[in-house]
Amino acid sequence: MTVSRTDFIGGVALSVGGLLVTLQAMDYGLGTLRTIGPGLFPFAAGTVLTILGLLLLLSSLRGGSGVGEPRPPIRWWAAASVFGGLVAWAIVTPRFGLVPGTTALVLIASFAAGRPRPAMMLGLIVVLCGGGVLLFVEALGLPLSILKL
Amino acid sequence: MDLFNNIVLGSQVALAPSNILFCFVGVFVGTVIGLLPGIGALSTISLLLPLTFYMDPTTAIIMLAGIFYGAQYGGSTASILLNIPGTATNAITCLDGYPMAKNGRAGVALAMTSVASFVGGSLAIVLLMVLAPLIAQFAYRFGAAEYFAIMVFGLVVASSLSSGSRLKGLAMVVVGLILGGVGMDIYSGQLRYQFGFVQLAEGVSLVALVMGLFGVAEILNNLVLGNTDHPRVTTVSLKALLPDRDDLRRSVLPMLRGTGIGAFIGMLPGAGPTIASFLAYATEKRVSRTPEIFGTGAIEGVTAPESANNASVQAAFVPTLSLGIPGDPIMAVLLGALIIHGITPGPGLVLERPQLFWGLVMSFWLGNLLLLLLNLPLIGVFVSILKIPYRALYVGMLFLMCIGVYTLRANIFDIYLMIGFGLLGFAMMIGGFPAAPLLLGFVLGPMIEENLRRALLIGRGDLTVLVGSPISATFLGLTALILLLPAIGPLRRRLSVGRLAE
Chain A
1 MTVSRTDFIG GVALSVGGLL VTLQAMDYGL GTLRTIGPGL FPFAAGTVLT
51 ILGLLLLLSS LRGGSGVGEP RPPIRWWAAA SVFGGLVAWA IVTPRFGLVP
101 GTTALVLIAS FAAGRPRPAM MLGLIVVLCG GGVLLFVEAL GLPLSILKL
Chain B
1 MDLFNNIVLG SQVALAPSNI LFCFVGVFVG TVIGLLPGIG ALSTISLLLP
51 LTFYMDPTTA IIMLAGIFYG AQYGGSTASI LLNIPGTATN AITCLDGYPM
101 AKNGRAGVAL AMTSVASFVG GSLAIVLLMV LAPLIAQFAY RFGAAEYFAI
151 MVFGLVVASS LSSGSRLKGL AMVVVGLILG GVGMDIYSGQ LRYQFGFVQL
201 AEGVSLVALV MGLFGVAEIL NNLVLGNTDH PRVTTVSLKA LLPDRDDLRR
251 SVLPMLRGTG IGAFIGMLPG AGPTIASFLA YATEKRVSRT PEIFGTGAIE
301 GVTAPESANN ASVQAAFVPT LSLGIPGDPI MAVLLGALII HGITPGPGLV
351 LERPQLFWGL VMSFWLGNLL LLLLNLPLIG VFVSILKIPY RALYVGMLFL
401 MCIGVYTLRA NIFDIYLMIG FGLLGFAMMI GGFPAAPLLL GFVLGPMIEE
451 NLRRALLIGR GDLTVLVGSP ISATFLGLTA LILLLPAIGP LRRRLSVGRL
501 AE
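Respectively, the protein sequence lines represent chains A and B. Residues in the first sequence are numbered from 1 upward in steps of one, following our numbering. Residues in the second sequence are numbered from 1 upward in steps of one, following our numbering.
The hints are simulated quantities; they were obtained by calculation from the structure and are not laboratory data. Any given hint might turn out to be false.
Partial selection, computed: residues in chain B whose CB lies under 8 Å from chain A [to be verified]: (1) Ala16; (2) Phe28; (3) Leu167; (4) Gly348; (5) Leu424; (6) Leu456; (7) Ile458; (8) Arg460.
Using N, Cα and C, we set each Cβ at its ideal position, and we do this for glycine too.
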């Protein structure tokens with residue numbers, strides 16, 4: 001009976017991750033003790049991580065660490081809005097310039113705190129694009145085009 | 001009188017007009033973000049890090065450090081007025097600060113915290129001035145094995161003191177170590193863990209990691225897990241700013257005790273201002289003849305933690321600058337900033353680059369003084385800043401993060417890297433894994449590997465070289481102790497139960 005699900009998942013993730021790191025490290029060559037190879041340190045780290053992950057897994061089966069168990073509900077859509085906004089900036093800015101990218105960021109990310117007011121979004125777009133252009137492109141000479149169609 | 005010459009040298013550097021300006025900018029920005037709940041010194045320093053690449057390294061560090069200790073001053077304001085800590089380290093100040101505000105003594109609380117912060121900071125600076133050069137000279141005797149032992153010790157201490165279970169803290173340190181190894185290994189030319197991404201050849205960018213792990217995660221913490229409403233600021237009668245003689249008299253010893261605790265804790269790698277302020281509060285309560293007043297508006301409960309957290313922040317510079325071992329995740333970022341500027345912190349820094357070190361130390365004096373002068377009259381301004389709705393603020397922060405990371409290499413890959421770390425930070429938040437140990441592991445990982453390599457090379461593959469010298473043996477022994485100690489408790493219980501059962 002899994003008592004603490006998050007700890008269980010965490011333990012699995014750490015163990016698997018550690019194992020993958022260790023296996024990959026062996027490809028890099030462990031070298032000798034005298035001249036340690038590029039793989040030795042990650043090998044050791046990966047092994048330790050795998051062990052820690054297994055320990056966490058075991059402790060989760062016994063009830064978990066009990067830290068922060070009653071957690072407030074997670075607003076997944078807020079997270080989606082934040083990440084969506086960031087990805088939008090990353091996709092739009094190189095292709096269309098800073099202004100469209102920032103506009104996309106503002107439009108998408110504003111939803112994370114509840115329904116946004118259009119006036120505030122507009123204000124943000126103006127301030128951020130304006131400030132960004134002045135500070136980063138003009139003053140600091142960032143190689144970023146403002147608007148390209 | 002070497003110290004005197006150094007002070008003069010440092011003052012010349014600190015009083016250069018551009019350094020004064022950026023010191024002011026740093027402490028002002030620090031105070032403002034310290035005020036604002038939800039934005040911390042760590043995110044701000046990371047945000048401004050790309051900007052500092054265009055500056056002279058001394059100026060850059062002066063500003064970034066100013067943000068760090070400035071935030072400690074500002075954070076108490078939000079704690080007192082809103083009962084929401086401006087920074088995590090100021091959480092303890094809410095306990096007695098907010099009741100003081102409700103009793104109409106907000107002005108006194110604000111004034112006394114500024115004074116307490118100044119006292120704590122100043123005394124810790126004196127400590128820094130005396131200790132850092134001493135440690136630096138002593139540290140010249142440190143070899144690769146000693147550094148290895150100290151760094152491992154620091155990481156283990158950091159993992160056990162962070163929030164969440166110690167197991168998770170340790171795991172995060174190791175994840176950080178692994179991430180630090182991504183990129184090309186300089187000794188062999190072997191590319192490690194970059195999975196064909198050429199952009200990772202130089203390793204994971206520190207700024208992308210910090211922005212994603214801490215910046216994005218902090219925003220998510222507020223929006224996804226918490227709530228965004230800020231309660232009303234209690235009406236503050238700012239005319240009653242002056243504390244009376246009784247307040248002053250009662251605060252002297254708490255401030256001194258708080259400073260002592262803070263300075264000691266600050267110097268330990270991994271322990272930071274949060275623990276210092278908690279310990280100071282607990283000490284005051286235990287030492288007090290009237291412990292019941294704590295929680296209702298006791299001035300000791302406000303001044304001691306404030307002295308402690310400012311002292312610990314200044315003291316954290318001692319191991320960072322003299323040994324090159326960060327005592328705090330923010331110190332780790334500052335260390336990274338120095339390295340990016342081509343400066344290697346460590347004993348060399350203190351002794352061979354006195355302008356940087358002493359200039360920085362003297363700028364601490366300047367900064368603390370500016371903060372004391374700033375905080376008292378500008379309280380009204382700060383209170384109105386607190387009224388900016390978070391819903392506007394976080395979008396601005398996301399924008400700054402994107403553009404800030406982009407300024408590093410003008411490569412969109414770094415943005416995706418930041419987003420990736422944001423996802424990781426989000427998962428870690430849900431799982432209860434602390435992020436600070438990861439950062440420390442990331443920054444120290446390459447150094448630990450290098451020192452291990454060197455130690456083994458010198459020792460010709462003999463592992464006992466790591467415990468050969470008294471210093472390294474001591475630290476490795478302490479490390480083992482810290483790792484094993486919590487296991488002894490339950491073991492002993494089980495043994496005694498077994499004996500009783502017979």
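Structure-based check of all given hints:
Because the closest C-beta pair between B:Ala16 and chain A is about 22 Å apart, greater than 8 Å, the hint is violated. At about 17 Å, the closest approach between the beta carbon of B:Phe28 and any beta carbon in chain A exceeds 8 Å, and the interface hint on this residue is violated. Because the smallest distance between the Cβ of B:Leu167 and any Cβ of chain A comes to about 6 Å, under 8 Å, the interface hint for this residue holds. At about 24 Å, the closest approach between the beta carbon of B:Gly348 and any beta carbon in chain A exceeds 8 Å, and the interface hint on this residue is violated.
For B:Leu424, the interface hint is violated, since its Cβ never comes within 8 Å of a Cβ in chain A; the closest pair sits about 10 Å apart. Because the beta carbon of B:Leu456 sits about 6 Å from the nearest beta carbon in chain A, less than 8 Å, this interface hint is met. Interface restraint check: B:Ile458 against chain A, minimum CB-CB distance 10 Å, threshold 8 Å, status violated. Annotation: B:Arg460 was flagged as interfacial toward chain A, and the flag holds, the nearest CB pair being 6 Å apart, inside 8 Å.
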